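Student: Protein chains in written order, with numbering that gives the first Met the number 0: chain C, 0 to 334; chain D, 0 to 334.
A portion of the hints provided could be inaccurate.
A pair counts as met if it fits within one copy or between any two copies, since identical chains are not told apart.
Calculated cross-link-like contacts (lysine-lysine; reagent style DSSO-like; alpha-carbon spacing at most 30 Å) [claimed, not checked]: (1) Lys311 with Lys184; (2) Lys232 with Lys91; (3) Lys77 with Lys184; (4) Lys132 with Lys86; (5) Lys1 with Lys232; (6) Lys132 with Lys51; (7) Lys197 with Lys86; (8) Lys172 with Lys246; (9) Lys190 with Lys68; (10) Lys300 with Lys246; (11) Lys197 with Lys172; (12) Lys172 with Lys147; (13) Lys251 with Lys89; (14) Lys51 with Lys91; (15) Lys77 with Lys51; (16) Lys197 with Lys68; (17) Lys256 with Lys86.
No lab work stands behind these hints, which were simulated from the structure alone. The structure presented is a predicted model; accordingly, all values stated were derived computationally and were not measured.
Number of protein chains: 2
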Amino acid sequence: MKIVIDAMGGDNAPFVTVEGAVEAVNSYDVNIILTGNQPLIEGELTKYEYPKEKIEIIHCSEQITNEDKPVISIRRKKDSSMVVGLKLVKEKKADAIISAGNTGALLAGGLLILGRIKGIDRPALAPVYPTTKGMSVLVDGGANADCKPRNFLEFGVMGSVYSEKVLSIKQPKVCTANIGIEEEKGNDVVKEAHKLCKEGPFNFQGNVEARDIPSGYADVIVCDGFTGNIILKLTEGLATSIFSLLKQEFVKNTFRKIGALLLKSGLKDFKERFDYTEYGGAPFLGVNGVLIKAHGSSDGKAIKNAVRQATKFVENKVIENIAEEITTLGADTIE
Amino acid sequence: MKIVIDAMGGDNAPFVTVEGAVEAVNSYDVNIILTGNQPLIEGELTKYEYPKEKIEIIHCSEQITNEDKPVISIRRKKDSSMVVGLKLVKEKKADAIISAGNTGALLAGGLLILGRIKGIDRPALAPVYPTTKGMSVLVDGGANADCKPRNFLEFGVMGSVYSEKVLSIKQPKVCTANIGIEEEKGNDVVKEAHKLCKEGPFNFQGNVEARDIPSGYADVIVCDGFTGNIILKLTEGLATSIFSLLKQEFVKNTFRKIGALLLKSGLKDFKERFDYTEYGGAPFLGVNGVLIKAHGSSDGKAIKNAVRQATKFVENKVIENIAEEITTLGADTIE
Numbered sequence: 000m001k002i003v004i005d006a007m008g009g010d011n012a013p014f015v016t017v018e019g020a021v022e023a024v025n026s027y028d029v030n031i032i033l034t035g036n037q038p039l040i041e042g043e044l045t046k047y048e049y050p051k052e053k054i055e056i057i058h059c060s061e062q063i064t065n066e067d068k069p070v071i072s073i074r075r076k077k078d079s080s081m082v083v084g085l086k087l088v089k090e091k092k093a094d095a096i097i098s099a100g101n102t103g104a105l106l107a108g109g110l111l112i113l114g115r116i117k118g119i120d121r122p123a124l125a126p127v128y129p130t131t132k133g134m135s136v137l138v139d140g141g142a143n144a145d146c147k148p149r150n151f152l153e154f155g156v157m158g159s160v161y162s163e164k165v166l167s168i169k170q171p172k173v174c175t176a177n178i179g180i181e182e183e184k185g186n187d188v189v190k191e192a193h194k195l196c197k198e199g200p201f202n203f204q205g206n207v208e209a210r211d212i213p214s215g216y217a218d219v220i221v222c223d224g225f226t227g228n229i230i231l232k233l234t235e236g237l238a239t240s241i242f243s244l245l246k247q248e249f250v251k252n253t254f255r256k257i258g259a260l261l262l263k264s265g266l267k268d269f270k271e272r273f274d275y276t277e278y279g280g281a282p283f284l285g286v287n288g289v290l291i292k293a294h295g296s297s298d299g300k301a302i303k304n305a306v307r308q309a310t311k312f313v314e315n316k317v318i319e320n321i322a323e324e325i326t327t328l329g330a331d332t333i334e
Numbered sequence: 000m001k002i003v004i005d006a007m008g009g010d011n012a013p014f015v016t017v018e019g020a021v022e023a024v025n026s027y028d029v030n031i032i033l034t035g036n037q038p039l040i041e042g043e044l045t046k047y048e049y050p051k052e053k054i055e056i057i058h059c060s061e062q063i064t065n066e067d068k069p070v071i072s073i074r075r076k077k078d079s080s081m082v083v084g085l086k087l088v089k090e091k092k093a094d095a096i097i098s099a100g101n102t103g104a105l106l107a108g109g110l111l112i113l114g115r116i117k118g119i120d121r122p123a124l125a126p127v128y129p130t131t132k133g134m135s136v137l138v139d140g141g142a143n144a145d146c147k148p149r150n151f152l153e154f155g156v157m158g159s160v161y162s163e164k165v166l167s168i169k170q171p172k173v174c175t176a177n178i179g180i181e182e183e184k185g186n187d188v189v190k191e192a193h194k195l196c197k198e199g200p201f202n203f204q205g206n207v208e209a210r211d212i213p214s215g216y217a218d219v220i221v222c223d224g225f226t227g228n229i230i231l232k233l234t235e236g237l238a239t240s241i242f243s244l245l246k247q248e249f250v251k252n253t254f255r256k257i258g259a260l261l262l263k264s265g266l267k268d269f270k271e272r273f274d275y276t277e278y279g280g281a282p283f284l285g286v287n288g289v290l291i292k293a294h295g296s297s298d299g300k301a302i303k304n305a306v307r308q309a310t311k312f313v314e315n316k317v318i319e320n321i322a323e324e325i326t327t328l329g330a331d332t333i334e
């Protein structure tokens with residue numbers, strides 16, 4: 000299997016992208032193509048031991064930065080590490096692409112270069128959400144701020160296939176994120192979405208209230224990208240605030256300081272549950288190719304885990320499965 | 000000043016409502032009217048010491064339960080503790096009402112009996128949101144699942160007045176909850192709302208991302224009731240999950256158990272920051288009368304704090320101030 004890593008994407012590129020690539024080829028049965036500035040990448044690669052034949056470099060003269068406008072940069076920067084990488088997947092010269100670069104550009108590139116799976120109106124980001132039970136998937140995690148009811152149905156199909164095939168959850172429980180569990184609750188779009196999802200080809204279990212998301216009540220949480228982004232970012236902000244508040248309380252006197260010392264490993268174990276680097280990246284579900292968006296501040300471990308995630312995605316034919324499931328909806332019902 | 004407490008509202012009525020009323024008259028310069036089942040209330044009152052002339056009972060033969068349909072119950076149960084209480088405020092026989100009862104019915108009752116302040120299209124719930132810095136206000140906390148851009152502007156006016164007059168925050172920073180800080184981010188409604196709020200008669204500071212809400216970046220967070228409910232409930236659920244995860248980690252070995260013991264008071268101080276009973280209830284801003292929704296599971300302390308909050312609301316003329324500010328918007332612009 001061949002996975003492209005956009006070597007120039009992310010806050011710490013190409014250091015961490017190269018590190019992740021090396022860790023991946025040393026851990027998994029996979030070949031990596033690094034797209035980007037060849038001299039820079041080669042310089043980084045000299046630091047590591049790895050089977051040379053498993054990493055290939057394709058030189059690119061351009062780079063898309065976080066300041067670039069999404070659609071324009073994809074159209075104009077034809078020789079950027081991101082565009083070249085996406086084309087390799089499009090032309091079946093690679094099985095998947097991972098990028099920690101400009102999210103907007105990557106989503107635009109996915110749509111423009113890979114295209115959509117037939118029957119999918121709106122591809123969606125599907126980040127993992129760590130819960131007290133394990134992990135849920137959130138679809139849409141932020142690609143589409145405004146959604147039609149039909150989009151929720153597609154999100155349910157895609158999230159369910161992904162949860163089953165990549166996260167190995169049997170008959171994943173799909174729920175619409177809502178402000179009450181009763182069917183008649185919600186805003187107008189979610190109310191309509193609920194009706195459609197009830198007839199969807201997945202294990203739909205009605206609404207989930209936001210208070211029940213962290214305990215893992217739903218395996219797949221379906222929502223528009225606005226709500227998904229609020230859920231993800233609020234979780235991130237709250238975890239950070241709670242840690243900083245705990246720290247404040249824990250240094251207020253000597254007893255507490257000793258207590259905190261004894262709990263150090265416990266707090267570390269706890270923090271790790273919220274560590275996104277464990278979970279790889281968020282796939283952009285619904286495009287016609289395996290595309291994984293890694294966090295901008297990913298480290299080598301996160302990139303390596305994104306590679307493992309991509310291999311499972313390919314091996315378990317997630318795209319083919321989505322394409323098949325989606326035909327059962329009747330593509331003609333897209334408004 | 001006279002404050003009505005709906006003695007029959009809430010999970011533990013009339014025990015905690017009577018307890019809260021007694022604590023309030025013993026703490027503040029205030030008179031309380033308890034609406035509800037007279038024999039039950041009198042029975043409870045015999046348990047306490049308090050100045051008898053400061054608590055009055057108005058007997059009601061009916062009660063609105065959590066199972067009742069909002070609008071129907073307000074229209075039909077004319078002699079319920081909630082409807083009778085609201086009418087006392089409407090007829091200026093009392094200055095404010097507090098209820099821990101059926102939220103939907105209370106909001107419907109507020110609209111139907113008290114009516115709206117002239118120029119306000121949609122009244123909104125404004126719960127306090129505890130942050131690492133202190134407290135913010137969230138408007139709308141859940142009254143209106145679907146909102147028009149103009150409603151956000153009204154929420155900004157009302158939230159700003161409430162924050163300044165009741166929470167004593169000078170020139171409160173008002174922000175729209177959004178998925179990015181840039182002006183062009185968001186769904187269609189929020190983008191339009193942002194444009195209107197820029198011209199609003201308050202200290203508008205653009206968008207706040209959900210990740211920055213827990214640190215208190217904004218004093219007033221303006222959003223539709225769907226988003227507001229998601230923010231509140233997710234915070235509640237996450238705090239609960241994080242405590243339970245911490246507990247799991249803290250009993251894994253003896254060292255940790257000792258550590259946790261030494262930190263017990265620290266953890267308690269920490270938990271108190273998330274204790275809603277400290278903050279009273281959520282006012283229903285925009286109705287023409289002071290109406291405070293207390294949490295269904297309020298205890299006596301929460302009811303007492305809601306009384307304090309109501310007195311500040313009345314003393315600082317929040318309604319008159321909102322009515323005045325709202326005229327500057329031009330009421331005729333309501334679509």
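Student: All hints are to be evaluated individually against the structure, with a verdict given for each.
Tutor: Checked hints:
1. Lys311 with Lys184: neither (37 Å within a copy, 34 Å between copies)
2. Lys232 with Lys91: neither (35 Å within a copy, 45 Å between copies)
3. Lys77 with Lys184: between (47 Å within a copy, 26 Å between copies)
4. Lys132 with Lys86: This pair counts as neither: shortest intra-copy Cα distance 38 Å, inter-copy 48 Å.
5. Lys1 with Lys232: Neither: 33 Å inside a copy, 43 Å across copies.
6. Lys132 with Lys51: For Lys132 and Lys51, the Cα distance exceeds 30 Å both inside one copy (40 Å) and across copies (53 Å).
7. Lys197 with Lys86: neither (38 Å within a copy, 42 Å between copies)
8. Lys172 with Lys246: Between copies only: 27 Å across, 36 Å inside.
9. Lys190 with Lys68: Classified as between; 19 Å across copies, 34 Å inside a copy.
10. Lys300 with Lys246: For Lys300 and Lys246, the Cα distance is within 30 Å both inside one copy (27 Å) and across copies (28 Å).
11. Lys197 with Lys172: For Lys197 and Lys172, only the intra-copy Cα distance (12 Å) is at most 30 Å; the inter-copy one is 42 Å.
12. Lys172 with Lys147: within (22 Å within a copy, 33 Å between copies)
13. Lys251 with Lys89: neither (58 Å within a copy, 50 Å between copies)
14. Lys51 with Lys91: This pair counts as within: shortest intra-copy Cα distance 22 Å, inter-copy 84 Å.
15. Lys77 with Lys51: Only inside one copy: Lys77 and Lys51 sit 28 Å apart there, 82 Å across copies, limit 30 Å.
16. Lys197 with Lys68: The answer is between: 25 Å across copies meets 30 Å, while 38 Å in one copy does not.
17. Lys256 with Lys86: For Lys256 and Lys86, the Cα distance exceeds 30 Å both inside one copy (55 Å) and across copies (55 Å).
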